[in-house]
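Guided by the hints, dock chain Y onto chain W, whose structure is given.
Number of protein chains: 2
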Amino acid sequence: MIKKQRQLHLNLFVSPMGHHEAAWRHPQSNLDQLLDFSLYQRLAAKAEAAKLDSLFFADRVATSPNAAKYGAIGGYEPLTLLSALAVVTQRIGLIATVSTSFNEPFNLARRFASLDHLSRGRAGWNIITSGTDAEAQNFNYEQIPEHAARYERAREFLDVATKLWDSWEDDALVRDKEAGIFADSSKVHELNHKGDHFSVKGPLNISRGPQGRPLLVQAGSSQNGRQFAAEYAEAIFTAQQTFEEAESFYKDMKQRAVQLNRLPEHIVILPGICPIIGRTEEEAKEKEAKLVELSNPAHSLLMLSNRIGFDLTGYPLDGPMPQLPIQEVRGHQSRTNLIVELAHRENLTLRQLLERLAGGRGHRTITGTPQQIADVMEHWFQNGAADGFNIMPQLMAGGLEDFLDLVVPELQRRGLFRTEYTGTTLRDHYELPYPGSQFAETPVSTMTETNWYSA
Amino acid sequence: MIKKQRQLHLNLFVSPMGHHEAAWRHPQSNLDQLLDFSLYQRLAAKAEAAKLDSLFFADRVATSPNAAKYGAIGGYEPLTLLSALAVVTQRIGLIATVSTSFNEPFNLARRFASLDHLSRGRAGWNIITSGTDAEAQNFNYEQIPEHAARYERAREFLDVATKLWDSWEDDALVRDKEAGIFADSSKVHELNHKGDHFSVKGPLNISRGPQGRPLLVQAGSSQNGRQFAAEYAEAIFTAQQTFEEAESFYKDMKQRAVQLNRLPEHIVILPGICPIIGRTEEEAKEKEAKLVELSNPAHSLLMLSNRIGFDLTGYPLDGPMPQLPIQEVRGHQSRTNLIVELAHRENLTLRQLLERLAGGRGHRTITGTPQQIADVMEHWFQNGAADGFNIMPQLMAGGLEDFLDLVVPELQRRGLFRTEYTGTTLRDHYELPYPGSQFAETPVSTMTETNWYSA
Numbered sequence: 001m002i003k004k005q006r007q008l009h010l011n012l013f014v015s016p017m018g019h020h021e022a023a024w025r026h027p028q029s030n031l032d033q034l035l036d037f038s039l040y041q042r043l044a045a046k047a048e049a050a051k052l053d054s055l056f057f058a059d060r061v062a063t064s065p066n067a068a069k070y071g072a073i074g075g076y077e078p079l080t081l082l083s084a085l086a087v088v089t090q091r092i093g094l095i096a097t098v099s100t101s102f103n104e105p106f107n108l109a110r111r112f113a114s115l116d117h118l119s120r121g122r123a124g125w126n127i128i129t130s131g132t133d134a135e136a137q138n139f140n141y142e143q144i145p146e147h148a149a150r151y152e153r154a155r156e157f158l159d160v161a162t163k164l165w166d167s168w169e170d171d172a173l174v175r176d177k178e179a180g181i182f183a184d185s186s187k188v189h190e191l192n193h194k195g196d197h198f199s200v201k202g203p204l205n206i207s208r209g210p211q212g213r214p215l216l217v218q219a220g221s222s223q224n225g226r227q228f229a230a231e232y233a234e235a236i237f238t239a240q241q242t243f244e245e246a247e248s249f250y251k252d253m254k255q256r257a258v259q260l261n262r263l264p265e266h267i268v269i270l271p272g273i274c275p276i277i278g279r280t281e282e283e284a285k286e287k288e289a290k291l292v293e294l295s296n297p298a299h300s301l302l303m304l305s306n307r308i309g310f311d312l313t314g315y316p317l318d319g320p321m322p323q324l325p326i327q328e329v330r331g332h333q334s335r336t337n338l339i340v341e342l343a344h345r346e347n348l349t350l351r352q353l354l355e356r357l358a359g360g361r362g363h364r365t366i367t368g369t370p371q372q373i374a375d376v377m378e379h380w381f382q383n384g385a386a387d388g389f390n391i392m393p394q395l396m397a398g399g400l401e402d403f404l405d406l407v408v409p410e411l412q413r414r415g416l417f418r419t420e421y422t423g424t425t426l427r428d429h430y431e432l433p434y435p436g437s438q439f440a441e442t443p444v445s446t447m448t449e450t451n452w453y454s455a
Numbered sequence: 001m002i003k004k005q006r007q008l009h010l011n012l013f014v015s016p017m018g019h020h021e022a023a024w025r026h027p028q029s030n031l032d033q034l035l036d037f038s039l040y041q042r043l044a045a046k047a048e049a050a051k052l053d054s055l056f057f058a059d060r061v062a063t064s065p066n067a068a069k070y071g072a073i074g075g076y077e078p079l080t081l082l083s084a085l086a087v088v089t090q091r092i093g094l095i096a097t098v099s100t101s102f103n104e105p106f107n108l109a110r111r112f113a114s115l116d117h118l119s120r121g122r123a124g125w126n127i128i129t130s131g132t133d134a135e136a137q138n139f140n141y142e143q144i145p146e147h148a149a150r151y152e153r154a155r156e157f158l159d160v161a162t163k164l165w166d167s168w169e170d171d172a173l174v175r176d177k178e179a180g181i182f183a184d185s186s187k188v189h190e191l192n193h194k195g196d197h198f199s200v201k202g203p204l205n206i207s208r209g210p211q212g213r214p215l216l217v218q219a220g221s222s223q224n225g226r227q228f229a230a231e232y233a234e235a236i237f238t239a240q241q242t243f244e245e246a247e248s249f250y251k252d253m254k255q256r257a258v259q260l261n262r263l264p265e266h267i268v269i270l271p272g273i274c275p276i277i278g279r280t281e282e283e284a285k286e287k288e289a290k291l292v293e294l295s296n297p298a299h300s301l302l303m304l305s306n307r308i309g310f311d312l313t314g315y316p317l318d319g320p321m322p323q324l325p326i327q328e329v330r331g332h333q334s335r336t337n338l339i340v341e342l343a344h345r346e347n348l349t350l351r352q353l354l355e356r357l358a359g360g361r362g363h364r365t366i367t368g369t370p371q372q373i374a375d376v377m378e379h380w381f382q383n384g385a386a387d388g389f390n391i392m393p394q395l396m397a398g399g400l401e402d403f404l405d406l407v408v409p410e411l412q413r414r415g416l417f418r419t420e421y422t423g424t425t426l427r428d429h430y431e432l433p434y435p436g437s438q439f440a441e442t443p444v445s446t447m448t449e450t451n452w453y454s455a
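From first to last, the protein sequence lines are chains W and Y. Following UniProt numbering, the numbering of the first sequence begins with 1 at its first residue and continues without gaps. Following UniProt numbering, the numbering of the second sequence begins with 1 at its first residue and continues without gaps.
With the rest of the complex left out, here is chain W (with noise of 0.2 Å):
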């Protein structure tokens, strides 16, 4: 048997300005676009010309008045934006992030198996609990409640959600106008779930959509985000600032998965990356002062503060990172970690934290050329770091081209990534297998012939 070279897995996040926090401010943005369809329309056409495999809006349900007044917020709620991007677009996953904590079962479910049929098989949910007691405050509770909590919600939301998408057997659709039987009703199945957080009868209320399940995505890092993911997640989002913590992430993601009778190959691990990119390095570091120069340094140390729930604002800028009461954070445990090991590993100032955090908010960013970019994403590539990357342009106008110009063609010259699509659908482009209803009596299973990753 022939084995296929193995092959990157490249997903755009959008962001509609840029990434770094302050692309709002660059000569090249246009705000009027913030909400103009077209603008997004424009994106994801150039991300399919590229080929990549999806494009991902991450998700916050709060912002505030000071928010408002620093940053070039407010824009769509995914899923709208995803529905509307389906059907303008043929080929390129869709991935929309959606927290369990504040939504319900059915009603998400629903909206997913619609995506999904809408785009003929492109939908793709990224799991999160959301971590903050602004977006808490939006939902009946006066603070977050604990991780744990969050997590025991979060598995009982996904064994709900995978029994309504398995309502309906692939097979369940009779359409008999003569006999008048539109569907076999042995096929299609009540769950009667009735748990700590959700009762529901089902079934769901629209049959299965194209790929089963929308593809599963998540990005918690902390160790109750690690084993949901495990159980879970067939491709993550991860931020890693150094090679050997990717490579121990990556690790540690594929032995959990193996623990659980899943093969490695069907969890995808994404660390993101920030690319700045220039034809030569100066330009490429030009490029990044111009973004130093345009940031509000105040503003961001108030941004870091609400994201980690410690408030930095009254330490000096010019002053070391203190030490903080890890324990004690309820929210975004794992990259509040992050963040404070770079401001100690590297002696950082609080200046020079917020500068390396402004661009990717933990992710790491990489200032360089074409080939400068492609040599760092082949390298934790081949060596048991990444199976792809989640691509966080730092300006959407210029430097989303960029990449899509300069480090795509590169890494196809490589033979490191696709030049055509080979599937219709999400799960095709990342090489994940079809799930059979658990409802039925032969379940397709989800071990395949192709062991691609232990290549």
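There's no promise every hint is true.
For identical chains, the list gives no copy identity; a pair is met inside one copy or between any two copies.
Straight-line C-alpha distance at most 25 Å; calculated DMTMM-like pairs for lysine to aspartate or glutamate [said to hold, decoys possible]:
(1) Lys194 <-> Glu146
(2) Lys4 <-> Glu346
(3) Lys287 <-> Glu410
(4) Lys69 <-> Asp170
(5) Lys4 <-> Asp176
(6) Lys290 <-> Glu244
(7) Lys194 <-> Asp252
(8) Lys51 <-> Glu178
(9) Lys69 <-> Asp184
(10) Lys51 <-> Asp428
(11) Lys4 <-> Glu293
(12) Lys4 <-> Asp170
(13) Lys51 <-> Asp184
(14) Lys4 <-> Asp375
These are computed hints drawn from the structure, not numbers from a lab. Since we're looking at a predicted model, the values are computed, not measured.
Quick look at chain Y alone, frame taken from chain W:
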């Protein structure tokens, strides 16, 4: 001042195969298209070409194996589908039904604001409280909450949603790149709402849509439903079997609006009609007979039992409608009343009642020539029973074309319906005012000079 002639408003109530319960079995229906977006896109394009005010999708958040056996069910979640239709249409309004009983105001207000931006001001919300135990059982309840309790929650839901839509004032966006100021934070408002059902801090995380708020639509006809509609609704869908009932409902709703200091023309009343159209009366009656022939009365009886919450399946099809304990109905009270009154007024057997309900579940069926149908519409419109109609074609393939190609031109010839759109938003089409933000110091008045209704 020259008064323009008062114009009909026409909404297309979309059901993918048609509203008759046997439509899916008709030779013209293509069941493969139930989840085919191109079907919906084509229907929307036709309705837009005929200059209809809006499209509308009903919703119900439950089904059962038995319902799936005998009915072509399992379609799209309405907001998902309308988000996609928003970017392939230009003018027609897009109205989605969503329940206040099984959603969170923050999520829903955000989705409607997103749709309003995506469609450039064409979003509408048909507000329902849901009325069946089957739906409640998908959302952690044993049975559906009492009628009054559902409307209490709905009122608080609307209060919160309205504040969320208003939380960014119209002129909140500054977008000053040089100064690094995106929004005027004094014009972005927290709500700090704490009520019996919801605690929501706000602000919403998307800026105000082109319509300020989506068009609010309601269809309740019970006393609770009517009072709620008089307070919040800008358009009303209603099922009326006779001119006298429609006239009485119309008068009642306009009076309720006036008592709440609203202008009567700011509440647009749209009775449903199910047209079965032939070039001759005979042809229309043949079309109707064909649909009756395809019906399955035993299944229809079961569906009616579920709808009204009373088991009729033991009663003989050719016997009379039994007396029902109406006061015990928790769910769709007024519709159940209408059905019982219809059966008793016209002395119908159960079989005859089912035939009358098969087309529109209580909405008025009109079988005849385009002139006859236009006559009924004109009569209701000119004599205080309707401001327009909610059109429910019995077949989508064929029946919709009949209405658009034969009845709409007849209404246009009579000067009753527009031949071109005169505005761009759904509010423009319905001649409804732009609602200013309640947080603005000088709120926009809801009073307008043109009093077209009292002409």
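Structure-based check of each hint:
Taking CA atoms no more than 25 Å apart as the test, Lys194 paired with Glu146 passes in both settings, with 23 Å inside one copy and 22 Å between copies. Within a single copy, Lys4 and Glu346 get their C-alpha atoms no closer than 41 Å, and across copies no closer than 74 Å, so neither meets the 25 Å cut-off. For a Cα distance limit of 25 Å, the shortest separation of Lys287 from Glu410 inside one copy, 21 Å, qualifies, whereas the shortest one across copies, 64 Å, does not. In this assembly of identical chains, the alpha carbons of Lys69 and Asp170 lie at most 25 Å apart only when taken from different copies (15 Å versus 50 Å within one copy).
Taking the shortest Cα distances, Lys4 and Asp176 never come within 25 Å of each other, neither inside one copy (43 Å) nor across copies (52 Å). Neither within a single protomer nor between protomers do Lys290 and Glu244 lie at most 25 Å apart by alpha-carbon distance, with minima of 30 Å and 72 Å respectively. Taking the shortest alpha-carbon separations for Lys194 and Asp252, neither the intra-copy value of 33 Å nor the inter-copy value of 44 Å comes in at or below 25 Å. Proximity of Lys51 and Glu178 under a CA criterion of 25 Å is satisfied in neither setting, with 44 Å inside one chain copy and 37 Å between copies.
Taking the shortest Cα distances, Lys69 and Asp184 sit within 25 Å of each other only across copies (6 Å), while inside one copy they are farther apart (56 Å). For the homomeric pair Lys51 and Asp428, the shortest alpha-carbon distance inside one copy (13 Å) is at most 25 Å, but the shortest distance between copies (42 Å) is not. Taking the shortest Cα distances, Lys4 and Glu293 never come within 25 Å of each other, neither inside one copy (46 Å) nor across copies (58 Å). Taking the closest pair of Cα atoms, Lys4 and Asp170 never come within 25 Å of each other, the shortest separation being 30 Å inside a single copy and 56 Å across copies.
Taking the shortest Cα distances, Lys51 and Asp184 never come within 25 Å of each other, neither inside one copy (39 Å) nor across copies (40 Å). Proximity of Lys4 to Asp375 under the C-alpha cut-off of 25 Å is restricted to the intra-copy arrangement: shortest distance 21 Å within a copy versus 70 Å between copies.
The structure fails to meet hints 2, 5, 6, 7, 8, 11, 12 and 13 from the earlier list, while all remaining hints are met.
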